[in-house]
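Heads up: the sequence lines are chains A and S, in that order.
At the far end of the first sequence sits residue 351, using our numbering, and the numbering has no gaps.
At the far end of the second sequence sits residue 351, using our numbering, and the numbering has no gaps.
FYI, nobody ran anything at the bench for these hints, they're computed from the structure.
Note that the coordinates shown come from a computational prediction; the quantities given were computed from them, not determined experimentally.
Yeah, the Cβ is synthetic: ideal placement off N, Cα and C, and Gly gets one too.
Among the clues, some could well be false.
Which residues of chain A face chain S? A partial, calculated answer using Cβ under 8 Å [to be verified]: (1) MET66; (2) ASP68; (3) PRO70; (4) THR71; (5) ASP213; (6) VAL214; (7) ASN230; (8) LEU243; (9) GLU246; (10) PHE251; (11) LEU263; (12) GLY267; (13) LEU268.
Number of protein chains: 2
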Amino acid sequence: MKIIIDAMGGDNAPKEMLLGAAAAVREYGVQIVAVGRREQIEECAKENGIELAGITVANASETIEMCDEPTAAIRRKKDSSMVVGLRMLAAGEGDAFVSAGATGALLAGATLIVKRLKGVKRPAIGTVIPGAQQPYLLLDSGANVECRPEMLNAFAVMGSVYMEKVMGRKNPAVALVNNGAEETKGTPAYVQAHGLLRANRNIRFAGNIEPRDVPAGNADVVVCDGFTGNVILKLTEGVAKMLMGELKSVFMSSPKTKLAYLLVKDGLRGFKKKLDADEHGGALMLGVSKPVIKAHGSSNAKAFCNAIRQAKLCVERGAVESMREKLAAADDAEQAQEQSGPAVRCKEKKE
Amino acid sequence: MKIIIDAMGGDNAPKEMLLGAAAAVREYGVQIVAVGRREQIEECAKENGIELAGITVANASETIEMCDEPTAAIRRKKDSSMVVGLRMLAAGEGDAFVSAGATGALLAGATLIVKRLKGVKRPAIGTVIPGAQQPYLLLDSGANVECRPEMLNAFAVMGSVYMEKVMGRKNPAVALVNNGAEETKGTPAYVQAHGLLRANRNIRFAGNIEPRDVPAGNADVVVCDGFTGNVILKLTEGVAKMLMGELKSVFMSSPKTKLAYLLVKDGLRGFKKKLDADEHGGALMLGVSKPVIKAHGSSNAKAFCNAIRQAKLCVERGAVESMREKLAAADDAEQAQEQSGPAVRCKEKKE
């Protein structure tokens, strides 16, 4: 198996990317193609004692920066590590692509170069988030600020396949974020999406899930539009950050509480690890015809290695092929249902 | 000053409502009109030794239940404590109305009976949420799943007035929830709302606020549509609940960690108090022509008394009058801007 990596994308590139890649070669037996400036890669490997066994280098002279406008960057920087890597993936020169570079550009590039699965209007970004019971997959966690009901239905199918094939969940429960349990809740488009999900025989639809219940992790797959998903993803981080900060103040407030901290430190470490998104790999571009994984921009070697592992699992377990099948089946069923009412976008009322 | 209360609404009615009302009479010197079944109120007061000094009873034979369809309940249960109370408020027989009953019904009733301020298409529910720095006002926290840009602009004005007049913030900062800082971010309607807020001379617009930054409490007023607001409100609760649960497990895991808990207990109490939404009173029906406050359904006497205090502050500080003024000014400015582009609803693309 050959995983193509963007050696130049991310805050800590190329060093952490190469360290992560080398670890992946050792631990998972994958072959790696590292895309980027050959000289810079080889020098970095030499300086840091990184074994390039199992890693070939594919040259790319440009890099897409965080501030670049995504679609423009993909179209213009044809020799960037990201575009070269995606092209190689599309041409079958590797089985998956992993990058810690700019999310918007990766999404645009994956859509334009690697292309979408049939039945997917727009790919979604899927993020695995730690939950109380177990981690859950949230999608769309930010790609599409507006979504038609059919898009949410496609997200449901792909998310379900991912959690089953890659995360090993049996018959994963799919839930639709909404402001109440009843099928009449939400905007007209959410009401319609609810109907599509309920009729979809390719998923186990568990109904609406209210925001308060999302962090419990009882649903395996949590579906929503990208605006809402971005709120869920980022607010979860923000609330956790606020609470941990407040907690730290409490612990540091007196000698008594400092002692308490020493006694509970190890336990807290396990707690933090559970909440650490890095443990779960990167975010997935779901709906693209081959596996594309976005590692956190600030990924260190461990996080990047986890993202490569995630890519490997996607390939090994035929996640994309399975999505292709189930999307085709869901698409047919949807055609039938659509004849019964007009399509509406999320959160819009028909005039 | 006379505050009308719904003695029958809420899980712990009428006892906690009456205890809270009696406390408010003692602590704040307000007069209370308690609306509900006279016999039940008088018997409850007698059984629990509640002083009815300063409290008059207005009879209402029916109660709106949590499961009743809101608008139907308001129209049909004309002798319910909620409808009778709202009618009294509309007729000037009191200065504000406080209820712990069903939110949907209270919103429908306030809109239909007490009526809206000019310039408000739909009232919003505003909720004060604890933030790291300080509490912030979130609106719309759930009334309207779809919002036009003008509605968001009105929310901004009302929220700003509330935080200034009632919470004493100087020149409150108003921020618009969005998935990035740039003015081009979000759906077309959010882009348009951003423009309206920026041009609005009645508020201090601090730009977009990303979900990750909302819990810090740096913005005094956080504006968004009701679907998103419901997610922010309820997810904050859900993440806090999950983290506190995990933390408790850590503390209870061994004798060592249990000792740590004993040492840090008092500090944690302050922490929990800060996060306690009950401390901040109830939720406000903003955009209604007189103060209407929704106390938590599970309110105890203290929470209900706080909600009455909140109502008193709204009245004393002329919050509604101030909103009326500023909405009129903002409305004129908006007419001018609307001529430059078509109105779009939140999260819809114009075909």
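For each hint, the structure was consulted:
no.	hint	in the structure
1	MET66	12 Å, violated
2	ASP68	14 Å, violated
3	PRO70	12 Å, violated
4	THR71	13 Å, violated
5	ASP213	6 Å, holds
6	VAL214	6 Å, holds
7	ASN230	5 Å, holds
8	LEU243	5 Å, holds
9	GLU246	6 Å, holds
10	PHE251	7 Å, holds
11	LEU263	4 Å, holds
12	GLY267	4 Å, holds
13	LEU268	6 Å, holds
Violated hints, in rising order: 1, 2, 3 and 4; the structure is consistent with all others.
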